[in-house]
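Q: Generate the whole structure from the sequences, applying the supplied hints.
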Amino acid sequence: MTNQVKISGVLVNKQPIRYTPAGIPLLSFALQHQSEQIEAGMRRQVLCELMVVALGNLALEIDKISEASQVIASGFLAKRSLKSSQLVLHLNKIEY
Amino acid sequence: MSSSPNHASNASQNQIVNVALDVPLERLFDYLSGNLSLRIGQRVEVPFGNRKMVGIVMGFSQHSDYALDKLKTISRSFDDEPILDETTFRLMRFCADYYQYPFGQALLAILPARLRQLKPAPMLRIFAYRLSPEALKCAQLQQQIPARQVVQRKLLLALQEGEKTEAQLKQLSSVWQKALMALMAQGWVEKFEWQASAPTHFPLNAQTLNAEQQAAVTGVLAQLSQFQAFLLYGVTGSGKTEVYMQILQQVLQKPDSQALILVPEINLTPQLEARFRQRFPHIPLVTLHSHLSDGERLHHWHQAQTGRARIVIGTRLSVFTPMPKLAIIIVDEEHDASFKQQDSMRYHARDIALVRAQQANVPILLGSATPSLESWQNAETGKFKRMVLPQRAVENASLPSIYTLNTATLPLQNGLSQPLIQALKVRLERGEQSLLFINRRGYAPVLLCSACHWIAPCSRCSSRLVVHLKQGKLRCHHCGHEQSIVRQCPSCGNADLQATGQGTQRLEETLVKLFPQAKIARVDRDTISRKDALSDLLDKVHAQEIDILVGTQILAKGHDFPNLTLVGVLDTDSALFSPDFRASERLFAQLMQVAGRAGRADKAGEVLIQTSFPEHPLFTALVQQDYANYASKLMEERAIASFPPYTFMALIRAEATQYRDVDAFLQLAYAQVRAQAKQVTCYPPMRAQMERLKGMERGQIVLQSQQRGALQKLLSQLIAPLRESKLASRVRWHVDVDPMEF
Chain A
5 MTNQVKISGV LVNKQPIRYT PAGIPLLSFA LQHQSEQIEA GMRRQVLCEL MVVALGNLAL
65 EIDKISEASQ VIASGFLAKR SLKSSQLVLH LNKIEY
Chain B
776 MSSSPNHASN ASQNQIVNVA LDVPLERLFD YLSGNLSLRI GQRVEVPFGN RKMVGIVMGF
836 SQHSDYALDK LKTISRSFDD EPILDETTFR LMRFCADYYQ YPFGQALLAI LPARLRQLKP
896 APMLRIFAYR LSPEALKCAQ LQQQIPARQV VQRKLLLALQ EGEKTEAQLK QLSSVWQKAL
956 MALMAQGWVE KFEWQASAPT HFPLNAQTLN AEQQAAVTGV LAQLSQFQAF LLYGVTGSGK
1016 TEVYMQILQQ VLQKPDSQAL ILVPEINLTP QLEARFRQRF PHIPLVTLHS HLSDGERLHH
1076 WHQAQTGRAR IVIGTRLSVF TPMPKLAIII VDEEHDASFK QQDSMRYHAR DIALVRAQQA
1136 NVPILLGSAT PSLESWQNAE TGKFKRMVLP QRAVENASLP SIYTLNTATL PLQNGLSQPL
1196 IQALKVRLER GEQSLLFINR RGYAPVLLCS ACHWIAPCSR CSSRLVVHLK QGKLRCHHCG
1256 HEQSIVRQCP SCGNADLQAT GQGTQRLEET LVKLFPQAKI ARVDRDTISR KDALSDLLDK
1316 VHAQEIDILV GTQILAKGHD FPNLTLVGVL DTDSALFSPD FRASERLFAQ LMQVAGRAGR
1376 ADKAGEVLIQ TSFPEHPLFT ALVQQDYANY ASKLMEERAI ASFPPYTFMA LIRAEATQYR
1436 DVDAFLQLAY AQVRAQAKQV TCYPPMRAQM ERLKGMERGQ IVLQSQQRGA LQKLLSQLIA
1496 PLRESKLASR VRWHVDVDPM EF
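The listed protein sequences derive, respectively, from chains A and B. The first sequence begins at 5 in the working numbering and counts up by one. The second sequence begins at 776 in the working numbering and counts up by one.
Only true hints are included.
Chain A side only, calculated, beta carbon under 10 angstroms to chain B, not exhaustive:
#, residue
1, T24
2, P25
3, I28
4, L30
5, V57
6, L59
7, K83
8, R84
9, L86
10, K87
11, S88
Hints are computed from structural coordinates only; laboratory data are not their basis. Note that CB positions come from ideal geometry on N, CA and C, so glycine has one too.
A: The following block contains the structure:
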């Protein structure tokens, strides 16, 4: 099944790096997205904020990117936890 | 016809000898004496099948059920003297009958390991070392040794505290021998043969007793010449040990008399040992517990068995130590669950101590701040004489104030509520010590997948694996299974696994973050595995080198910390709703004990208990520190539910890799009980609380009766046919009489 998201925006609210019990680095941040899109042939504004999480080397890489940088994030969506309906973007790749 | 006991067999006659062996059969074994001159109670080596075994000579007879030419001959005898006598045989016969355990196995199990080996075990000579008179006169002894001789200085420093045995010095350095030789060559140190009595430089004088303590001492002393059980019910810090010591002082005035003191926990022995040694510097004293080397254990056992040691302090197994001039038995913390042996012969050392005292016709004193309901009941019916110490012994010391903190309404910061954090802060500012009690070692009790709620299970037990973060391990606290922490959830693949809940390691980590300037120490089974780790740590606490202690129940008992004024208790609620009917009795005792660590000297103590159920009757009673009241409430519950001490219980437990084998065996046992039982209730087979343990499926049946005798009679008829049954060979099974756990 397909689950692919690619979205650009400003990296904000970067959390301190933490480690899973097995020692895998993990970092979460938010992506502030602002763009203009076409919908049913009509032009419209999009403003949204997305929770993003990165694991492993990607987490270490993002730790070096400064807050408020413009980035392009690609990955897949998953629920925040079993009981939550909130979605989180899990990062596979980041361009900045 | 048997020859008279203790009489040497006539060597020329080649008699038939009855020998007890460590074999799971109910009988003794017949051998020929050959040309050996043997005595009852002597240790022998006999051929058994195609191997050799150690046995104990139980008697001599003229006839055997076997043909004489089929009997084998005893290979050799060990030791010159018998090591056991009729007193011990009688006690062990009782135990074997009562606990439905083969006599030979019971008897051989009480011997120190060295005496169960196929070799002679002569009385050991243990050597010790002390400073020479010249060294004692020398004012600046350390300066006499060049600074680069580190080990020599270390040994000298240790010897300045007092004499040391080889075993003690060995722990200081791996090259202790060379350094010691050098010190002896220079005349600073001398060697001597160690005796169980150890004169000390700091004799401890008797303290003045308060009226209740005095009444307790007088009460026991009035009945020294016969069996009588006393229950010394004294609040924490009420000076029970002082009562024991003043009683002993009198008892031991009688030449040769011996005293047996049972303590629940091996960790308490060094402390108690030190106090007794200081108090009775000229009376030979030995300890018996599992931290001794085999050689030390044998030596101490010999000292007790020959009557040379006059005070024996030991853990549960020492209840069987032969003591020819036993004059009194003291059981400290008599309610403690560790007095119950949980494998082989499942005896309860307190109960055996009572039988032993009765057989020896001597008094027995059971002490506790929270007596077991069994003993409480015996005191209520007048079987035991109850003596009460209602107040703390140290002048100006009062019982701590106990409060509950409702975790259902208070927000928690990594398991700690704000009032508790505040209280810790106040203690730090005042330079006083705190203790946080959490009965779970490790970092977190559960590893949880937040995405699918998978929980790391033990593959061999129905339990969860505990996270040990620093070691990067998941461990099962039931079977010892250990594995690396999984990188991702095996069920859904999520890598962001959560260590959930609180353990000692995590609490320590939280405290370090909250109070970076505080000196924090963690005490649990993982930190005290080294032999002297606990005593080193306790020394640090006494030297005020530690501000906050985080620990498990290891810290709950017996320790006296004068500057400790705050006790915090976390996460005990699970015991409130345990299916085990003894869980609340145990929790109350444990919390009372741990609360008792606060404010033992002249500073007032405070105890804060975090719970989601502050209205639970257990906490109400705890806050009022009214054990008597709570005990009578529990007794009512037990009476209604027909639980001990109002009834007597036995369990038949079985386990196998397949539950159907367990069930088949238990169904058989159940049917047989039903066929025979009058006055005994039996419930159908059920799974044990821990359904799987170490890869075995477990089940049990419960037998219950108003009359101990009826239960005993049934068991004695039941066990032999069960042992013979085919189904029994497919399972591992045992009987647990008076079980403590389900």
